[in-house]
Amino acid sequence: MNALYQFVSGPLVWVSFALFIGGSAWRLYSMAVLARKKDVYVYEYFSLPHALRSMLHWIVPFMNESSKKNPALTIVAFVFHLFLLIAPLFVIGHVAMLDKAFGISWATLPDGAADAMSFIVVGACVFFVVRRLTVPEVAYVTSASDYAIVGLAAAPFITGILAYHQIGGAQLMTILHILSGEAMLVAIPFSRLSHMIYAPLTRAYIGSEFGAVRHARDW
Amino acid sequence: MSSQVAREPYVLVADKGLDAGVARLTDEKIAKVIGAVLEAEGGARLKAYVDTCAHCGLCSEACHFFHSHDRDPRYSPVGKVKQTMWEILDKGGNVSPEFIGRAARVAYTECNLCKRCAMYCPFGIDIAYVIGLMRRICHKLGVTPQYIQDTAHSHSATMNQMWVKEDEWIDSLMWQEAEARDEVPDLRIPLEKHGAEIMYSVIGPEPKFRTQLIYQAAVIMHAAGVDWTMPATPGWDNSDMAMYSGDYEIMGRLKRAHFETAQRLGVKRIVMGECGHAFRSVHDVGNRWLGWKGEPVPVVHAVQFYHELLSSGKIKIKDKFGEAVTFHDPCNIVRGMGLHEMGREVTRALCTELVEMTPNREHNYCCSAGGGVINCGPPFRNTRVLGNKIKAEQLAATGVKTVIAPCHNCHGGLEDIIHHYKLDMKIKFLGDVIYECMEKPWAEA
Ligand code: SF4
Ligand code: SF4
Ligand code: SF4
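In the order they appear, the protein sequences are chains A and B. Per my numbering, residue 1 is the first one in the first sequence, and the count goes up by one each step. Per my numbering, residue 1001 is the first one in the second sequence, and the count goes up by one each step.
Next comes chain B alone, as it looks inside the complex:
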């Protein structure tokens, strides 16, 4: 039987958080926690999905892990459910600590919750949802990868992902304002401007590692004459690793803080930077957990916002980006919001040539950083990079040297893939290209 083709044995990647968590487990605790989570949250969808799944394997075709591991069934979406939730349901929650240790690795590091598989299942079974529930169980069991848990702790303690303290946040903005004023003398980063039209929110890593993005955003806002503000209080961070660690209680607190900050400032809408998972958190998962069907304050993703600025002529492009580029579709704003055409329109407005990867748009392959996998840190770098050989092949096939990805996580993921597979490519945000190519009236003056 070809299913018995020799596969490499499953190697448990060592991780302090997971290993210490497993060591604390007892059979009784496992059964009790699983029972409680399933009782409270395992509802109609879980039941319908498990009862309906025909074990047909058609979802396999969707998963980049499956393709990148030469069609190893263990990495097929349904195969991951078999290694996690099926066993739990079959055994009524009576599984061993070792089982949880492995199931946690499958759930946290071998699935990006990218939802591509939902588009390949004849029944529309959303395996990312089932894997998310598995993470929820792991979280309640205290079996979470150390790095992502640290991030969730940071969210909990500081309301941002990167342990940025309140004064550091304000300092970073003032510092970027000062820097930008060298270039644009009358530029401001308006803090706490009540009644502004727009609150601009970013993810924790921006003030920490990628401050130039705040700089660029400020220049773009300034050039477009936008009435905007940034909060000086917690609530400025729209990111959400608690959503991915399974800590929905903290996720709820984060989303509430973010929206309430916008309400406190009395803005009409929130514009968020180029991030995929944060969009998922505000638009789909976090709001849903809080019982809000939509967003209490409308949220606009950077791709939509740039599209608006470019098509209304508020930002004009001086010289287009001269090299051919390719556009990476971030799952969370493409399968998550259908922004693929808009993203392309913005790219075409900025660049002379756009070369497509195939497949693309809703059928894109994830960068393999998503779903919090990159946030599980260095121990799992190989898991995601080796698990996405197919993305490297897809990138290489375009023959271009620049990939545009309007998502932070995608940047991290693609960077590692490009490095590992030795591709000669660089990655840019749309904001990078806009900043580079736009008309800057003050420069001529």
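Next comes chain A alone, as it looks inside the complex:
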């Protein structure tokens, strides 16, 4: 078990980060090349001010009509994405490991806060699953991969909670926590979690097209 722990918390971390960063860079690069080749107008129509104004309206909750029509989902999705990014960056355990490995560190979240955030992230995942099952227009376009993605996002938080509360064997849970975190990182460039990479691109494009060509709002 110890050897396994050493492996997942050592070399595998490197591998997963390399795949995450390399994979993401590769996806961005190949998308840029493909657009150059087949959709060159994407570059021609690009307009930074319009792209930025579109992003602003779609990042801030309730600045667009769509989010106003779905207040519950807007709040849940916003908090989910925010905590999904913040919790792993500022949880003490992660920062301490970084400090030990590279001697760099930054502010950390109190344990209780990180724990609460994890519960909220898992709760949001439950909300997404229930929504998929019960809202007809969502159920209609749901496939197994959609549940897999929610599972991938929830797993590091579920195992993190279990490890923190010493349920199911602290070391086992820690190993599962690390493994699931690594799985999620690797999945970002290679699954539909890649919306994390592509969202700025698709938004920038439609923002530019609506702003600079159509002279209309896109929110």
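These are calculated hints, taken from the structure and not from any lab test. Since we're looking at a predicted model, the values are computed, not measured. A portion of the hints provided could be inaccurate.
What the hints assert, rightly or not - Cross-link-like lysine-lysine pairs, in silico, DSSO-like; alpha carbons within 30 Å at most:
(1) A/K37 x B/K1032
(2) B/K1389 x A/K69
(3) B/K1208 x B/K1426
(4) B/K1165 x B/K1091
(5) B/K1316 x B/K1268
(6) A/K68 x B/K1029
(7) B/K1440 x B/K1316
(8) B/K1401 x B/K1318
(9) B/K1389 x B/K1422
(10) B/K1293 x A/K37
(11) B/K1029 x A/K37
(12) A/K37 x B/K1091
(13) B/K1029 x B/K1047
(14) A/K38 x B/K1440
(15) A/K69 x B/K1318
(16) B/K1440 x A/K37
(17) B/K1440 x B/K1314
(18) A/K37 x B/K1316
(19) B/K1032 x B/K1140
(20) A/K38 x B/K1401
(21) B/K1032 x A/K38
(22) B/K1047 x A/K38
On the provided structure of chain A, position chain B with the ligands as indicated by the hints.
Showing chain B with the ligands alone in chain A's frame:
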């Protein structure tokens, strides 16, 4: 699970073009054509859209078909992609002729390419683009609704939408000039005037069915003292159903002919009549296909032109239109060009009272004729009319009797909706109201 709420079974509307096209298909041909189209044209946008879509269903809220069918998921924007492109990509193009038959109906007749859904998707996924690509595949497969295909043939053979022959075109203009001269003795419809400031272009149905619009335009031009001309050659028609049938090669020829005619006449700009899709074709789709970022000769939509004439005082309004009106935002000049405020300013200059529909401006609901759906003809009349109950409700809620719509297709679509839902309303172009209400110096003389 509520997704299994019983829905009415999907009925395949019979259409000669679609049915004959499907009958000619083989599995091999389908796979080959799809492969070729995706290879040549399925680029970064398609890939990014398919990979990014979170299957969240938020775009559903945008679509009038979805609302009008009591939130039937089949009519949600993403649901239409599921029934078309997803399946094609999942199966690597190995889909059956029956699948294509249904996908063609979804793509051609259950989506107006109105782009409202692009404004409701958190990622800005442009589903109209994906559906347009589906139409492109159907076109290459020879599976197109008969009526719109006939129109595309007309474009191809005559460079106009309505099989108007060259001499008939010139005759129609001369006839309208003669008619108008009864009212305005020195009025001219200047043909082929080289170096005029403006070339006025219209859509094929104007000389064919709505000649009074050419008459009215001539009177407005005359009253405003505009230096204008109309071409006597093909290239006069700015409309473009090939853009909607997926025949981009013909679309390119049409747009080139239109712009080159303006260049041949040496005009400074093109003013076009009140049409939405033609504007989309010159401003966004056709020019883009030809590799022109903008327009080689500036194109001004009628709404912009009227605004210019009214605000500069070239046209003066004698008595405003006395009844309350509502203003229908045509997608192609509103989501397509942001002319909603200008349209309202023109309307307010002409009418005493403007009652808004809600939602409006960029968030308007399409009339359900757009995207070539009305051009798919009588077989699909119910598809679009039943698919836009929400527009009827929106119109009725205004309580007014006149709706102004500065778009030809919108007229056709709204007319059918008004008729089907028994609304007591009539539809007018801005040009109708200007003609009715403007000062006509010659009348007093
Ligand atoms: S009709 Fe308009 S809102 Fe509906 S799917 Fe098509 S483009 Fe989107
Ligand atoms: S709103 Fe966008 S991401 Fe969500 S289902 Fe529709 S197209 Fe996909
Ligand atoms: S016909 Fe009118 S409302 Fe409908 S898509 Fe065209 S511009 Fe929009």
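Consistency of the hints with the structure:
With a C-alpha separation of about 22 Å, the suggested pair A/K37 and B/K1032 falls inside the 30 Å cut-off, and the hint holds. This hinted pair checks out: B/K1389 and A/K69 have alpha carbons roughly 20 Å apart, not beyond 30 Å. At roughly 21 Å between alpha-carbon atoms, B/K1208 and B/K1426 fall within 30 Å of each other, so this suggested pair holds. The straight-line distance between the Cα atoms of B/K1165 and B/K1091 is roughly 45 Å, outside the 30 Å bound, and the hint therefore fails.
Between B/K1316 and B/K1268, the direct Cα distance comes to roughly 25 Å. Compliance with the 30 Å bound is thereby established for this hinted pair. Distance restraint check for A/K68 and B/K1029: the Cα-Cα separation of roughly 46 Å exceeds the 30 Å cut-off, and the hinted pair is therefore not satisfied. For the proposed pair B/K1440 and B/K1316, the alpha carbon gap of about 9 Å is at most 30 Å, so the pair holds. A distance of roughly 22 Å separates the Cα atoms of B/K1401 and B/K1318; the hinted pair therefore holds under the 30 Å criterion.
Our distance criterion of 30 Å between C-alpha atoms is met by B/K1389 and B/K1422, whose separation comes to about 12 Å. Under the criterion of a C-alpha separation no larger than 30 Å, the hint pairing B/K1293 with A/K37 is consistent with the structure, at around 16 Å. A hinted pair counts as satisfied when its Cα atoms are at most 30 Å apart, and B/K1029 with A/K37 qualifies at roughly 26 Å. Only pairs whose Cα atoms come within 30 Å are accepted, and A/K37 paired with B/K1091 is accepted, the gap being roughly 25 Å.
A hinted pair counts as satisfied when its Cα atoms are at most 30 Å apart, and B/K1029 with B/K1047 qualifies at roughly 23 Å. In summary, the hint linking A/K38 to B/K1440 is not supported, as the alpha carbons are separated by about 53 Å, beyond the 30 Å threshold. Taken as a hint, the A/K69 and B/K1318 pair is broken in the structure, with Cα atoms around 44 Å apart against an allowance of 30 Å. Between B/K1440 and A/K37, the direct Cα distance comes to roughly 56 Å. Violation of the 30 Å bound is thereby established for this hinted pair.
For a cut-off of 30 Å, the pair hint linking B/K1440 to B/K1314 stands: about 12 Å separates their Cα positions. Annotation: proposed proximity of A/K37 to B/K1316 is violated, straight-line Cα distance about 52 Å (limit 30 Å). Taken as a hint, the B/K1032 and B/K1140 pair is honoured in the structure, with Cα atoms around 11 Å apart against an allowance of 30 Å. Taken as a hint, the A/K38 and B/K1401 pair is broken in the structure, with Cα atoms around 48 Å apart against an allowance of 30 Å.
Taking the CA atoms of B/K1032 and A/K38, the gap is about 20 Å. The hint holds against a cut of 30 Å. For the suggested pair B/K1047 and A/K38, the alpha carbons sit about 11 Å apart, so the restraint of at most 30 Å is met.
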